[in-house]
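Make the full structure from the sequences, and use the hints.
Protein chains: 2
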Amino acid sequence: MELAGLFYPPYYAVIFSNIRTEGDAGYAAMAEEMEKLGSEQPGFLGLDSARSGVGITVSYWRTLEDLHAWKAVARHQVAQRLGKEVWYESYVTRVAKVEYEYAKPTAS
Amino acid sequence: MELAGLFYPPYYAVIFSNIRTEGDAGYAAMAEEMEKLGSEQPGFLGLDSARSGVGITVSYWRTLEDLHAWKAVARHQVAQRLGKEVWYESYVTRVAKVEYEYAKPTAS
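If you read the protein sequences in the order shown, they are chains A and B.
Numbering of the first sequence is given in my numbering, commencing with residue 1 and proceeding in unit increments.
Numbering of the second sequence is given in my numbering, commencing with residue 1 and proceeding in unit increments.
Derived by calculation from the structure, the hints in this document are not laboratory data.
There may be inaccurate statements among the hints.
Derived lysine-lysine pairs resembling DSSO-like cross-links, with alpha carbons at most 30 Å apart [to be verified]: (1) B:104 x A:97; (2) B:71 x A:104; (3) B:36 x B:104; (4) A:71 x A:97; (5) A:36 x A:104; (6) B:36 x A:97; (7) B:84 x A:104; (8) B:84 x A:97; (9) A:104 x B:97; (10) A:84 x B:104; (11) A:97 x B:97; (12) A:104 x B:36; (13) A:71 x B:97; (14) B:71 x A:97; (15) A:84 x B:97; (16) B:104 x A:36; (17) B:84 x B:97; (18) A:71 x B:104; (19) B:36 x B:84; (20) B:71 x B:97; (21) A:36 x B:97.
Below you can see the structure in the form of structure tokens.
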């Protein structure tokens, strides 16, 4: 259990809020695969994820171009299509530019 | 179980990722109070929240001034101080400007 750290703005956050459909239907394996593949992309900074009823995953990216490149990766496009058609009852994706950040413990 | 809707950018997201300390120590009651009080503030748009190990709460605000005003509300300042001193082992707060958003089902 660990939080994504400080990444020194400006950078981008993709806030993905969602409600899952019933059953797994391949979801868990793909989620794991996408977390690994995503973390290997250029410009990937980190990720926070939690689910309790609603799921929220926030990924952090150095630039808008980096997150667009990840969105276009072929295997990720398969995952996005299955997400829309099978795994998610509903979702909202927001792309936001981080302007400032602070933390406890205070960053050195 | 419901997701915050679409709010038509630009607007602001406050991404609060955290790890709780052990025990309640008044946390649950204050969290409920802050969710109610926050939702009554000018410029408040909505909120998504989930916890599974890591907690993530994302609140949405019309302007930076609106979220700064909420941060300065006296009762919220008490909650922030107790959060830092008692309830959170660690946290990161990020303030980000939402540039675009999309959803399933597609907004009409």
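Hey, residue 36 of chain A versus residue 104 of chain A, does the alpha-carbon distance stay inside 30 Å? Between residue 36 of chain A and residue 104 of chain A the Cα gap is close to 27 Å, so the pair holds against 30 Å.
Residue 97 of chain A and residue 97 of chain B were given as a pair; does the straight-line alpha-carbon distance stay at or below 30 Å?
holds, 5 Å
(request) For the pair supplied as a hint, residue 71 of chain B and residue 97 of chain A, confirm whether the alpha-carbon distance does not exceed 30 Å. (result) Holds: residue 71 of chain B and residue 97 of chain A sit about 20 Å apart, inside 30 Å.
- Task: With a cut-off of 30 Å on the C-alpha distance, tell me whether residue 84 of chain A and residue 104 of chain B pass.
- Result: Given pair residue 84 of chain A, residue 104 of chain B holds - Cα atoms ~7 Å apart, limit 30 Å.
| message | Holds or violated: residue 71 of chain A and residue 104 of chain B, Cα atoms, limit 30 Å. | response | holds, 17 Å
Subject >> residue 104 of chain A paired with residue 36 of chain B [C-alpha distance capped at 30 Å] >> reply: Status holds; Cα separation ~25 Å.
* Given the hint that residue 71 of chain A pairs with residue 97 of chain A, test it: the Cα-Cα distance must not exceed 30 Å. => holds, 17 Å
* Within a Cα-Cα threshold of 30 Å, do residue 36 of chain B and residue 84 of chain B meet the stated pairing? -> holds, 20 Å
Going straight from one Cα to the other, do residue 36 of chain B and residue 97 of chain A come out at no more than 30 Å? Holds, at about 27 Å.
- Given pair status - residue 36 of chain A, residue 104 of chain B, alpha carbons within 30 Å: Holds, at about 25 Å.
* Pairwise hint evaluation, residue 104 of chain A against residue 71 of chain B, where the allowed Cα distance is 30 Å at most -> This hinted pair holds, its Cα atoms lying about 17 Å apart.
Item checked: Restraint status (C-alpha distance of residue 84 of chain A to residue 97 of chain B at most 30 Å) -> holds, 25 Å
Checked against the numbered hints listed earlier, the structure breaks none of them; every hint is satisfied.
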